[in-house]
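Asks: Residue numbers (UniProt numbering), protein chains in the order written: chain A, 1 to 236; chain B, 1 to 236.
Some hints could be false.
One copy or two, either will do: identical chains are not told apart, so a pair holds if it fits within one copy or between any two.
Said to hold, decoys possible - Calculated pairs, SDA-like style, for lysine to any residue (alpha carbon to alpha carbon, straight line, at most 20 Å):
| # | residue 1 | residue 2 |
| --- | --- | --- |
| 1 | K179 | R232 |
| 2 | K183 | L146 |
| 3 | K20 | I124 |
| 4 | K132 | E122 |
| 5 | K148 | R194 |
| 6 | K75 | Q94 |
| 7 | K161 | I83 |
| 8 | K159 | N191 |
| 9 | K126 | L196 |
| 10 | K22 | S45 |
| 11 | K13 | E59 |
| 12 | K156 | E99 |
| 13 | K161 | S171 |
| 14 | K20 | I174 |
| 15 | K29 | I224 |
| 16 | K20 | E59 |
| 17 | K75 | N96 |
| 18 | K22 | E65 |
| 19 | K13 | I61 |
| 20 | K161 | T233 |
| 21 | K161 | F177 |
| 22 | K179 | N21 |
| 23 | K22 | I95 |
| 24 | K22 | N176 |
| 25 | K159 | A97 |
| 26 | K161 | E172 |
| 27 | K10 | Q68 |
| 28 | K30 | A97 |
| 29 | K161 | I178 |
If you're looking for bench data, these hints aren't it; they were derived computationally from the structure. These figures come from a predicted structure and were not determined experimentally.
2 protein chains.
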Amino acid sequence: MVKKEKANNKVYKGVVEEIKNKIVSGELKKGQKLPPKRELAEKLSVSRASVREAMRALEVIGFIESKQGAGNYIKESFEDVLIEPLSMMFMLQQINAEEISELRRGLELEAAVLAAERADEEDILKLEHLIKEMSVTENEDRNVILDKEFHYTIAKASKNKMFLNILNVISELIDNFIKGIRKEILSKEENKERLLKVHSEIALAIRERNKMNVYKAMEKHCTIINENILLRTKKE
Amino acid sequence: MVKKEKANNKVYKGVVEEIKNKIVSGELKKGQKLPPKRELAEKLSVSRASVREAMRALEVIGFIESKQGAGNYIKESFEDVLIEPLSMMFMLQQINAEEISELRRGLELEAAVLAAERADEEDILKLEHLIKEMSVTENEDRNVILDKEFHYTIAKASKNKMFLNILNVISELIDNFIKGIRKEILSKEENKERLLKVHSEIALAIRERNKMNVYKAMEKHCTIINENILLRTKKE
Chain A
1 MVKKEKANNK VYKGVVEEIK NKIVSGELKK GQKLPPKREL AEKLSVSRAS
51 VREAMRALEV IGFIESKQGA GNYIKESFED VLIEPLSMMF MLQQINAEEI
101 SELRRGLELE AAVLAAERAD EEDILKLEHL IKEMSVTENE DRNVILDKEF
151 HYTIAKASKN KMFLNILNVI SELIDNFIKG IRKEILSKEE NKERLLKVHS
201 EIALAIRERN KMNVYKAMEK HCTIINENIL LRTKKE
Chain B
1 MVKKEKANNK VYKGVVEEIK NKIVSGELKK GQKLPPKREL AEKLSVSRAS
51 VREAMRALEV IGFIESKQGA GNYIKESFED VLIEPLSMMF MLQQINAEEI
101 SELRRGLELE AAVLAAERAD EEDILKLEHL IKEMSVTENE DRNVILDKEF
151 HYTIAKASKN KMFLNILNVI SELIDNFIKG IRKEILSKEE NKERLLKVHS
201 EIALAIRERN KMNVYKAMEK HCTIINENIL LRTKKE
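Okay, chain A solo, but in the shape it has when bound:
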């Protein structure tokens, strides 16, 4: 477990540690209710205000949720737990659009390779269905949704929650910080055809469980996207 230095005046940190310890020991599991504030305060010999601060902190990190009048619970799902810290890093310009695109590339490539190995029939049919719709729709907003679903399905087919979580966060970061970029890329005539082609290549290679071809097709895909993102961010 990750140790943090405890300052004397940081009573609430002791409470956060205590809850973490209960998680490590298995005493607290996802979805479970936390002990009442009063009980925690007594047990740790701290004020209820310190317990409340600790709860707030854990809520902001996204690990507990407080249900009105019903107490605090360990969350069931942690899918959005990385959004806040990554968004803040982005906002403070510790990271830029190019770095995000490169990270996306690394993860998309590996997720696609894993998907070629692990996708089940349902995943593959979903990909093929999405491509069919992409090839006929003229609606640009619909195309954005289909594109997102396509990549979400690949991440899901990797059967690795880390890839799914982080790629989702990156997708949100791109939407939030490079406004309208997805629509811009998908609407350009020269991109439309190229993207439809690589999307089809990716789906086919996953169907054929051909890792090398998946890698190559996804590499082409990322090159198209990253070219466009660079073009946009250099204009700004």
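Given chain A's structure and the hints, the job is docking chain B onto it.
Replies: Same frame as chain A, now just chain B:
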């Protein structure tokens, strides 16, 4: 910017939002001091207790630090900002050692490919120097340090802070949750030679700026590591 639903009783969340807005607008930059609690409380018409809760929360996420008697500051560096959420996810068994290893593979491969393009002379000399020491040292603890430094240098040579940050976090997670695994892997006779060979191949390929060879050598490296991690986790 990422919107969160505001419950009426979550006054502190409004304060967190306000600080985030100041970051987005550029009013607050890294290393800067936050306005005094009193001032924020007045401006937002909330209690000082709510402002304090917001500060605690931002501190737990790792974005501000409070300096004894000197107020709250936006941090200078956010390198450790992902450790807490990822550790918690791990602890709550949302992710397992295999998933972490796969994520590491995806990131190491891409970081190494970027390093082949971007490593400067200093990075390359460092890698070569580390290999020279690895090939002669008999001390197992020293070998663990050299191995970590080798991979840290590649991540750094990618010149992408996202790879550096996330790979560091993964490295810490592995150390924390698969205790002693690094030493175990590096101490096995059959691994020693194979690892020294792939480390040398990686460094050489970076020196020659040969992306394909870097990829292949790093792939071999990850296979050795992941085999060993799987062996261990299946025993447990």
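Asks: State for each hint whether it applies.
Replies: The hints, checked one at a time:
no., hint, verdict
1, K179 <-> R232, "within (10 Å within a copy, 45 Å between copies)"
2, K183 <-> L146, "within (11 Å within a copy, 46 Å between copies)"
3, K20 <-> I124, "neither (39 Å within a copy, 40 Å between copies)"
4, K132 <-> E122, "within (15 Å within a copy, 50 Å between copies)"
5, K148 <-> R194, "within (17 Å within a copy, 41 Å between copies)"
6, K75 <-> Q94, "between (29 Å within a copy, 11 Å between copies)"
7, K161 <-> I83, "both (15 Å within a copy, 17 Å between copies)"
8, K159 <-> N191, "neither (30 Å within a copy, 29 Å between copies)"
9, K126 <-> L196, "within (15 Å within a copy, 44 Å between copies)"
10, K22 <-> S45, "within (17 Å within a copy, 37 Å between copies)"
11, K13 <-> E59, "both (14 Å within a copy, 10 Å between copies)"
12, K156 <-> E99, "between (23 Å within a copy, 13 Å between copies)"
13, K161 <-> S171, "both (15 Å within a copy, 18 Å between copies)"
14, K20 <-> I174, "between (32 Å within a copy, 18 Å between copies)"
15, K29 <-> I224, "neither (43 Å within a copy, 33 Å between copies)"
16, K20 <-> E59, "both (13 Å within a copy, 17 Å between copies)"
17, K75 <-> N96, "between (31 Å within a copy, 18 Å between copies)"
18, K22 <-> E65, "within (17 Å within a copy, 26 Å between copies)"
19, K13 <-> I61, "both (13 Å within a copy, 12 Å between copies)"
20, K161 <-> T233, "between (30 Å within a copy, 18 Å between copies)"
21, K161 <-> F177, "between (24 Å within a copy, 17 Å between copies)"
22, K179 <-> N21, "between (41 Å within a copy, 17 Å between copies)"
23, K22 <-> I95, "between (34 Å within a copy, 18 Å between copies)"
24, K22 <-> N176, "between (36 Å within a copy, 16 Å between copies)"
25, K159 <-> A97, "between (27 Å within a copy, 14 Å between copies)"
26, K161 <-> E172, "both (16 Å within a copy, 19 Å between copies)"
27, K10 <-> Q68, "between (27 Å within a copy, 11 Å between copies)"
28, K30 <-> A97, "between (34 Å within a copy, 18 Å between copies)"
29, K161 <-> I178, "between (25 Å within a copy, 19 Å between copies)"
Checked against the numbered hints given earlier, this structure breaks hints 3, 8, 15; the rest are met.
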